[in-house]
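Going down the list, the sequences are from chains A and B.
Residues 2 to 241 in my numbering are what the first sequence spells out, letter by letter.
Residues 137 to 206 in my numbering are what the second sequence spells out, letter by letter.
What the hints contain is simulated information worked out from the structure, not anything from laboratory work.
One thing to keep in mind: the hints can contain errors.
In silico EDC-like pairs for lysine to aspartate or glutamate, Cα to Cα no more than 20 Å straight-line [to be verified]:
| hint | chain 1 | residue 1 | chain 2 | residue 2 |
| --- | --- | --- | --- | --- |
| 1 | A | Lys154 | A | Asp44 |
| 2 | A | Lys229 | B | Glu180 |
| 3 | A | Lys229 | B | Glu139 |
| 4 | A | Lys229 | B | Glu171 |
| 5 | A | Lys113 | A | Asp44 |
| 6 | B | Lys183 | A | Glu224 |
Which bits of chain B does chain A cover? Going by a derived footprint, with three or more residues having C-beta under 8 Å, they are [stated by the list, open to error]:
| hint | region |
| --- | --- |
| 7 | 153-162 |
| 8 | 172-183 |
So, partial list: chain B residues that the calculated Cβ filter (under 7 Å) puts toward chain A [stated by the list, open to error]:
| hint | residue |
| --- | --- |
| 9 | Met143 |
| 10 | Gly144 |
| 11 | Tyr146 |
| 12 | Tyr149 |
| 13 | Ile150 |
| 14 | Val166 |
| 15 | Ser168 |
A virtual CB, placed ideally from N, CA and C, is assigned to each residue, including glycine.
Listed below, chain by chain, are the residues.
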Amino acid sequence: MHRFANPTRFLKIAAFVQPWMAGLTVLLFAVGLYMSFFTAPPDYQQGESVRIMYVHVPAAWMGMFCYAAMALASAVALIWKHPLADVAAKATAPVGAAFTFLSLATGSLWGKPMWGTWWVWDARLTSMLILFFLYIGYMALQGAFDDRARGAKASAVLALVGAVNLPIIKFSVDWWNTLHQPASVIKMGGPSIHPDMLWPLLVMAVAFKTYYVWVLLVRIRQELTANKVRILRLKQIHGG
Amino acid sequence: MAEFFSMGGYGAYIWPSYAMTAIILAALLVASIRELKSTEAMFERLKAQIAPNKNNNNNNNKETPDGDEA
């Protein structure tokens, strides 16, 4: 694993992998969108509105996945002081925030016709909103220090502390009474959702994931290049 | 066609969901790529500024600044 964590080697691998991720993302979104609108049936209770699920659920999954990735990278950065881990955590934050925002917004658009309200302060929705604020706080904290290393450290600690929110989100539908429906895909005994709906959902979920990897690679490359720019600037000042 | 867009009366909720997802994901991607390109351009500029100073000391050889990783 350490071999891939060398920034120079990483840049080479990233430049190679990135076009593949781009192609895969476009392809999966094309297939996923086609399935979401044409092969997936309307729900027997929710009618056509169930199609919102194919963006809402992948967005929510990725909002949580990105946070887990960010917390893990932050832990690696704090413990082993790995240069690439900090960069990966920092590059993940805006993508995770975007996914979390989308899950809240599309959930609201789904809730209005199904529950009769845009928003309720129940456990699932509230814990998801907290996840969004954690991303915002992480990004704000990063830029709040003159010393970049201190900003990175403080935000890494925040990312780790905020990780307690992840199991709360996951189990919120079991622990509290909520309008939100319980899990129907990732649960004991396998998915309870019909394959005609499960497949479009899974394709869209993978499309969201490859999109994340694509943007992550771009953002990590940007961060590493920005680091090199800073080094050159220092050289310019000190070396004349 | 109109039937497809009305989505059984839920079109007003379904289309904004997909449109918003498309717009936000595309905007984040484009912004990230642009930022990468401009940072890379800045890096090349700085490298070119620093490299000629070195080359002048070396008997004015005409080596291009590229390929010399500082």
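We went through each hint and held it up to the structure:
1. Lys154/A - Asp44/A: The hint is violated at about 47 Å.
2. Lys229/A - Glu180/B: Roughly 10 Å separates the two Cα atoms, so the pair holds.
3. Lys229/A - Glu139/B: violated, 55 Å
4. Lys229/A - Glu171/B: This hinted pair holds, its Cα atoms lying about 15 Å apart.
5. Lys113/A - Asp44/A: holds, 17 Å
6. Lys183/B - Glu224/A: Between Lys183/B and Glu224/A the Cα gap is close to 17 Å, so the pair holds against 20 Å.
7. 153-162: holds (count 6)
8. 172-183: holds (count 7)
9. Met143: Holds, because the Cβ-Cβ distance from Met143/B to chain A comes to roughly 4 Å (cut-off 7 Å).
10. Gly144: holds, 4 Å
11. Tyr146: holds, 4 Å
12. Tyr149: Because about 5 Å separates Tyr149/B from the closest Cβ in chain A, which is inside the 7 Å limit, the hint holds.
13. Ile150: The hint holds - Ile150/B has a Cβ within 7 Å of chain A, the shortest such distance being about 5 Å.
14. Val166: violated, 10 Å
15. Ser168: holds, 5 Å
Hint violations for this structure: numbers 1, 3 and 14, all remaining hints satisfied.
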